[in-house]
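Q: Let the sequences and hints guide you as you build the complete structure.
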Amino acid sequence: MPSPWDNIRDQFPILDQKVNGHPLVYLDNAATTQKPLAVTRALDRFYANDNANVHRGLHALSMRSTDGYEGARARVQAFVNAEAPEEIIFTRGTTESINLVAASWGSANLRKGDVVLLTEMEHHSNLVPWQMAAQRTGATVRYVPVTGDQGLLDLGALDKLLTPEVKLFAFTHVSNTLGTINPAADLCARARKLGIVTVVDAAQSIGHMPLDVRAIGCDFLAFSGHKMASVTGIGVLYGRRALLDAMPPWQGGGGMISSVDFSGSRWKPSPERFEAGTPNFADAIALGASCDFLDLLGREQIRLHDGGLAKEARDRLAELPGIRIIGPDGERGGLVSFAFEGVHAHDVVTFADEDGIALRGGHHCNQPLMKKLGLTSTVRASFYVYNERREIDALVASMARTIKFFAG
Amino acid sequence: MPSPWDNIRDQFPILDQKVNGHPLVYLDNAATTQKPLAVTRALDRFYANDNANVHRGLHALSMRSTDGYEGARARVQAFVNAEAPEEIIFTRGTTESINLVAASWGSANLRKGDVVLLTEMEHHSNLVPWQMAAQRTGATVRYVPVTGDQGLLDLGALDKLLTPEVKLFAFTHVSNTLGTINPAADLCARARKLGIVTVVDAAQSIGHMPLDVRAIGCDFLAFSGHKMASVTGIGVLYGRRALLDAMPPWQGGGGMISSVDFSGSRWKPSPERFEAGTPNFADAIALGASCDFLDLLGREQIRLHDGGLAKEARDRLAELPGIRIIGPDGERGGLVSFAFEGVHAHDVVTFADEDGIALRGGHHCNQPLMKKLGLTSTVRASFYVYNERREIDALVASMARTIKFFAG
Amino acid sequence: MSADLSDLYQNVILDHNRRPRNRGRIPTANRSAHGDNPSCGDQCDVFLRLDGDRIAEISFDGSGCAISQASASLMTTQLKGKTTAEAENLYKEFHEIVTTGKEPEEISDLGAFAGVHAFPARIKCATLSWHAALNALRGDGAPATTESHKD
Amino acid sequence: MSADLSDLYQNVILDHNRRPRNRGRIPTANRSAHGDNPSCGDQCDVFLRLDGDRIAEISFDGSGCAISQASASLMTTQLKGKTTAEAENLYKEFHEIVTTGKEPEEISDLGAFAGVHAFPARIKCATLSWHAALNALRGDGAPATTESHKD
Ligand SMILES: Cc1ncc(COP(=O)(O)O)c(C=O)c1O
Ligand SMILES: Cc1ncc(COP(=O)(O)O)c(C=O)c1O
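Protein chains in written order, with this note's numbering: chain A, 1199 to 1606; chain B, 1199 to 1606; chain C, -8 to 142; chain D, -8 to 142.
None of these hints come from the bench; they were simulated from the model.
Any given hint could be a false lead.
[To be verified] Computed cross-link-like contacts, DMTMM-like style, restricted to lysine to aspartate or glutamate with a CA-CA straight-line distance of at most 20 Å: (1) B:LYS1602 <-> C:ASP(-2); (2) A:LYS1216 <-> B:ASP1265; (3) A:LYS1509 <-> A:GLU1586; (4) A:LYS1570 <-> B:ASP1459; (5) C:LYS83 <-> C:ASP100; (6) B:LYS1509 <-> B:GLU1529; (7) A:LYS1216 <-> D:ASP(-5); (8) B:LYS1602 <-> C:ASP(-5); (9) B:LYS1602 <-> C:ASP6; (10) B:LYS1216 <-> C:ASP(-5); (11) B:LYS1391 <-> B:ASP1357.
A: Here it is, written out as structure tokens:
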């Protein structure tokens, strides 16, 4: 039987190009993934057949649009195994999802003296919104430490940090810099025992492995479409309904109010309460198509594929002179970060680009972690469903050439 | 010489379909417009060739993406004649743009006793965010009255309402219910004389007529891509740079901070300060293509076309028995709203849909205005560049059939 | 007119829409509830006088499309004299009719609403007044809104 | 290596990157400024001792790519002994070199940076230390950031 993996690169025409005379090797998937034809064509089909504003519309196109949009919500619900479609709020991406929780839940629940617990490995998008919420409310932010270059959470320290002042614990599922996969279900269970609300940043896990919000047991979970084979501009906040229904709206506007007069307004329940204005319904429909695409490949197979490539890249890079590899020796997400003695990450990335290889170099929106590791930047190679072993060969050869050049 | 208007419907394949056995007559453009191939193909091309995350990327695709995204910003800057690209902030749409100003400028500048002045014809998206900001800050919201079914602003009352407590005046450029075109430059001039900050909701004007922020003289201006021949999920906040640079960020996350450590953050200047997380760069590039498309048609010609159809529809509908037409007799934007004695708008829209005609019926996110006019809903027909005279014939015939049916 | 549309706007419905029964507020009401359909702007108030467990009098007021007005009017004629349990059962039947198009088991004017099922966006219009009535009966006086239950 | 890339990483640049001149903080500095390039994370501190209007001593410290480090190092060698006006002019020349690729009028090591113009994303790397130095000279001590000026 033919497998959807067989001709997978045919789904991604962008990969079939040369960069600086070399076949493109796209290893910047943790920043954003490429989009399969199955997704871009779903978007085209929508614009060519059904486009109209959703809700409140009684004509044929508007009903089709609404069905498509609400169908996408139900598709995402199934994809993460939420209990109800009302638990799925469409946002622009992970960052907006976390800001929504920090602003809405935060303003209603955080007080002076409260603590928001984060970890030292959070992306700025799961760090800055909490610092801002803390500043507004008088709460304090504390951090679960990361243990050295292995980049694991210090679980011993965690239990000491889970004090009664802690009202919320937000952590990343997979670190975008370290590749660490955090034990999300265990972390949520520890927090839940103490009545602490949990927020999981699933930006780097959602597209790469099976994910089930009920198995994880989190209260909120945030992710971006563009990192899971979908288009830019669409993302999701999952929230447990009981919490969502108790939260005040964040943005105001059309579609989220149940009645307005010149003196004030009443709100609709979730998800409408949190989706002010015309939603990005076309891209939500594309996100539904991405869910189909990933399920067809099989999310467990994706986990093995991406994690396998990352592990292999890690092991082969480790043989290079002067390299420092960050993150766990054991299981890791689909990425590997490293630094070379005496060569800055940006020079490495520029040299790799000459070889047609797309890498990311920098602080990866993770400055505090970088400081802790005594680094200003790393090089990161990150993998997705279309990457192949031979691309690791190209990566390792390019790195060897670069360090040789700078060693002079 | 061939005109881009000649075969304009070929740019919109969605129009070439039957609905309930009749050729589709799409007259719901004030809710959302259709997208020309020039725009959807620009989007496809981007995903098929250049897609990568913007900023911080040193590889070829990332540089192309960044150039495309910043190029779109410069394109929008030229489209509205802003002074600098830093004055263009990409958002999801009008609603998010207004929420940004209400949250950021509002929190920094509104105090107890201050007044936010709106008009009675504001869309919920330019009403609810201010009610929420007022509630947070202790400010009060006041409204410039609308004069009866003609739907003009009471300019005499305005001068009395522009008192020293007024800190901000937000108004719509074109009413989405009345079709009224407000004298934006004059309104801004009156406010500016008193040092009052102005916000213009350009959702219904940007795609339909020439628009120049410097000629209008506003401090902020908000619009949505999806109402100007572009895709969903992208919109713009224009802000005068001096104001933007003095405003605190709204959302926190990657891309908007200049440095972060575990204790706090420093912000980048505009526009980055207000674009937390991965922006919707692909749809921003599509928005740039829409600007090209509209400029090719000529915005003054679009104004004449859309306004002309609306005026003609108005005059012909006025002959139907029992009709009440809302909005000005004189110049109007590209839409007309009306109500029939004894027939509810939703029944009218359902009957029109049977004839393949897409209309909108309801309160149009304008409940307070509806109450004032003593209506619960109206039917709205709204026009765009691809609409034709014969579609007015179809509209009028369908309306005649419906009232006949309900008159029994 | 297509078969679907004439099923939606049946004579029974048009008649109730043109000449609504039991419209207005009954002065002796001891229960009432408000319902709204925020997406459409439809509004409906239901007033009733409960005598023991039986609906002695019932009326409605509000605004909305022909479907919602006719449904409210017909509902008042159907619920008058019923017990709370009977009313709940009648609503179940009505709900099935409007969502599936199935004709009622016994001949009843409720069957006029079977055509609604072909217009999913209008199901809310047909059920709004029923939600308000049930809320009034349950005595919790909570406003009914068609947004929090999916029909 | 392509012509473009070897133009970017010229020997002068590699040499300054490997053996930076005037690195570290001069204890007698009476002016200093900090610069950062938030998108890259590059950092640069410039210290100088101004004697009247003349730069008597100058040094830098910081971290970043080869281009930024070499540029800072070379800058210190170029600015030492210059007046404020001369420094401003030299920066104008340098800016033109890195943005257009035009060779300097007189033979100068600054010409080594002409290859940068083919890599627009790296222009910020080359100019960061210069911005910090000019801020230090202007004495406003404001941190320089490559985000607020477009290069
Ligand atoms: C006048 C006006 N303002 C604001 C909006 C809100 O725009 P959006 O829903 O795209 O945010 C609309 C359209 O719905 C409108 O017509
Ligand atoms: C772990 C993590 N969290 C959050 C984000 C932010 O996602 P977005 O930029 O799509 O909002 C990213 C990606 O940049 C990430 O890797």
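Q: Now tell me if each hint is right for this structure.
A: These are the hints, each one checked on the structure:
{"no.": "1", "hint": "B:LYS1602 <-> C:ASP(-2)", "result": "holds, 18 Å"}
{"no.": "2", "hint": "A:LYS1216 <-> B:ASP1265", "result": "holds, 19 Å"}
{"no.": "3", "hint": "A:LYS1509 <-> A:GLU1586", "result": "holds, 13 Å"}
{"no.": "4", "hint": "A:LYS1570 <-> B:ASP1459", "result": "holds, 10 Å"}
{"no.": "5", "hint": "C:LYS83 <-> C:ASP100", "result": "holds, 15 Å"}
{"no.": "6", "hint": "B:LYS1509 <-> B:GLU1529", "result": "holds, 8 Å"}
{"no.": "7", "hint": "A:LYS1216 <-> D:ASP(-5)", "result": "holds, 17 Å"}
{"no.": "8", "hint": "B:LYS1602 <-> C:ASP(-5)", "result": "holds, 19 Å"}
{"no.": "9", "hint": "B:LYS1602 <-> C:ASP6", "result": "holds, 15 Å"}
{"no.": "10", "hint": "B:LYS1216 <-> C:ASP(-5)", "result": "holds, 17 Å"}
{"no.": "11", "hint": "B:LYS1391 <-> B:ASP1357", "result": "holds, 11 Å"}
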